[in-house]
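S.K.: Listed here are the chains, written in short residue letters.
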Amino acid sequence: MIRLRGVTKIYKMGSEQVAALGGVDLEIMDGEFIAIMGPSGSGKSTLMNIIGCLDRPTSGTYSLDGINVSRLGDAALAKVRNRRLGFVFQSFNLLPRLSAVDQVALPLSYRAATNRKKLAKHALHMVGLGNRMNHKPTQLSGGQQQRVAIARAIVGRPTIILADEPTGALDTKTSHDVMELFRQLNEQRGITIAFVTHEPDVAAWTRRIVALRDGLIVSDEPNIPVYERQVQPHQQTAVEHVVHAMMEPGA
Amino acid sequence: MSILDVFITALTSMRSNILRTLLTMLGIIIGIAAVITGTAAGEGAQQGVTERIAGLGSNLMFVRPYSPDSGGVNLPGLGPSLFFEDSKQVVNAKLPCVSAIAAQATIGAPGDFIGAQAIYRGKNIDTLLVGTEPTYQQVRNFYVGSGRFITQDDVDKKALVVVLGSGVADKLFGSADPIGQNMRIFAGVGGRFGITINFTVIGVMEARGGSSGADEDNQIFTPLPSLQARAPAGFRNARGYSNIGQINVALAENCDEDAAKIDIAAILRKARELPPGKENDFQIQSQKDVLATATEVEESFQILIASIALIALVVGGIGIMNIMLVSVTERTREIGIRKAVGAKRFDILLQFLLEALVVTVLGGILGVLAAWGATKIAAGFDIGGKDTKYAITAQWVMLGLGVSAVTGVIAGVYPAWRAARLDPIEALRHE
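Chains F and U are the protein sequences, given in the same order.
Each number in the numbering used here corresponds to the 1-based position in the first sequence with 64 added.
Each number in the numbering used here corresponds to the 1-based position in the second sequence with 5 added.
For reference, chain F alone in the conformation it holds in the complex (with noise of 0.2 Å):
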């Protein structure tokens, strides 16, 4: 469980402070599948970034599964990232020159695992990539490359995979198969998915949606995901409610 009590985090820019985070209270349960979104510039990037212990907040505290993290050394920090959480970037961030197999097997050089390759090889069948084991980044698309990076969040067996903005860098086509692979994995193996996107559509793939503007939390609603949603023209969805909202300041 995810439980963020007055988070905030500030950049110094020159000798001005520029507050990313204004005080964020935010709880994320077990199993849920939830988007984030907002604007660019309104801090969701920040907060999955804290969330994801990839950063620390300027203040306020921040718990994982009852660990104060935000209190955390460097080493105990690392191994937070390597078994609860698994984290899927826009620009996949993969080493250039290793093996798609190699990278999948990466979180796994830094823990005390055996047959590393086999793990790795099932993750990447999972993601649907099980004839690309040797392509390097370069050999493989966008979708692709970004189901590597999801094979190496999920080679670890996270209980949380988290994502800033995973279908950004992708088409419409391979976002679908993108989200569906988090549905998939949210449904079938319980893992709680939080991720940030800017995208409506994307967003309508979650259960719940988190606004956020200015660094701060402007909507939290349930949502029916679009593929269990009975079509209803005149029912407006959370996602056109959270979008309306952003839209209009003050709605």
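Check the hints yourself; a few may be wrong.
Computed footprint of chain F on chain U, listed as stretches where at least three residues anywhere in the stretch have a Cβ under 8 Å from a Cβ of chain F [what the hints assert, rightly or not]:
#	segment
1	13-25
2	342-353
Sample of chain F residues facing chain U (criterion: CB under 7 Å; computed from the structure) [unchecked claim]:
#	residue
3	LEU118
4	ASP138
5	ARG145
6	LEU159
Because the hints were derived from the structure by calculation, they are not lab data.
Just so you know, even glycine gets a beta-carbon here, dropped at the ideal spot from N, CA and C.
Chain F is fixed; fit chain U onto it per the hints.
M.R.: Just chain U now, with coordinates in the frame of chain F:
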């Protein structure tokens, strides 16, 4: 992460960017090879000098005329001279410490007014004509290779026979056998004013291979009286004695050199009728004295080599540092990715430490091999003369490897440590 994992990670990372690895290594290889080849040439030259001096005979002393007033200058007939009779006095004294004595007179030494030319069937070469005694072989530890050396009979009869140095034999006779052949030797000035003597070749000396300064293979030996009987007037003096250039004295084993010097000086003073209180008009130089002079030269030579090698090491070290700094700094993003998937600061540090070690040590070893190959090739092509030797010494190999490893590791690990201290997101933002 176990040490084996770190090792595999480091090797995988190096293999995955083989060009970067090889280029980094190349810098190290060239640096190390340059230092070791340079010092090997220097050390080899130094050893060559030491060997040549040792080759003269380890317990050899020379007696030469010496004028304290004219600063050591001696021309035949001018200033003090040594005589064959002086040498005979030393022989007759039968000093227990003296094992053999050979007087010698030379024509054609470098810098001499009178030159010597060996002539055979239209070919002629400048040479050093040495008149000496049968004992010369033992005294100078330099023996005849084929035929025979001068005998006492030759000396008594003032026979016109010569023993050729191997270099002279090669140049004048080529592949033909010189023994039994007749040849001429001209002694004089400018090839015109002088005398020409006919000799019969009786032997050829073994090859010595000495090069710098006096080439011992470019000498011709003849009985001392034969030379004196035919020599220009300068070799005789008013008393009817015959001048010689020097007396070579071989000492017996385990003899006190300084005591022998005193004994010989006393005999010579008596023979030369020097009144008490008058300074010696000759000089006795031992092998030790020659070595002392050479050692002084060697030491300054050694300092020169060391300073050049150290400059090369510093330059090489800075080169290694530069390459490592650049290659690690451009990998900040990789460090961010590794941290994002769970690498600890220590894991990153260990990986880069190991990569730097493997690159520098492997590069260092290849550099040593390259230096070894370069010295073999240089020696094979006689670069720097056929006697230039190359001696790769352990101390320079260790120093070279040590400097490359230390600079490589510092330069490889410091930026990695800096990057590993960043939050992963900071490192990931690095372009």
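S.K.: Does each hint hold? Answer for all of them.
M.R.: Hints and how they fare:
1. Given a C-beta distance limit of less than 8 Å, the hint that chain F covers the segment 13-25 of chain U holds, as 5 residues qualify and 3 suffice.
2. With a threshold of 8 Å between beta carbons, the proposed coverage of the segment 342-353 of chain U by chain F holds, since 11 of its residues qualify and at least three are required.
3. Given hint, LEU118(F) at the interface with chain U, holds; its Cβ is 4 Å from that chain's nearest Cβ, closer than 7 Å.
4. For ASP138(F), the interface hint holds, the least distance from its beta-carbon to any beta-carbon of chain U being 5 Å, beneath 7 Å.
5. For ARG145(F), the suggested interface contact is upheld, since its CB lies about 5 Å from the closest CB of chain U, less than 7 Å.
6. Contact between LEU159(F) and chain U, as hinted, is supported at the beta carbon level, the nearest pair being about 6 Å apart and thus within 7 Å.
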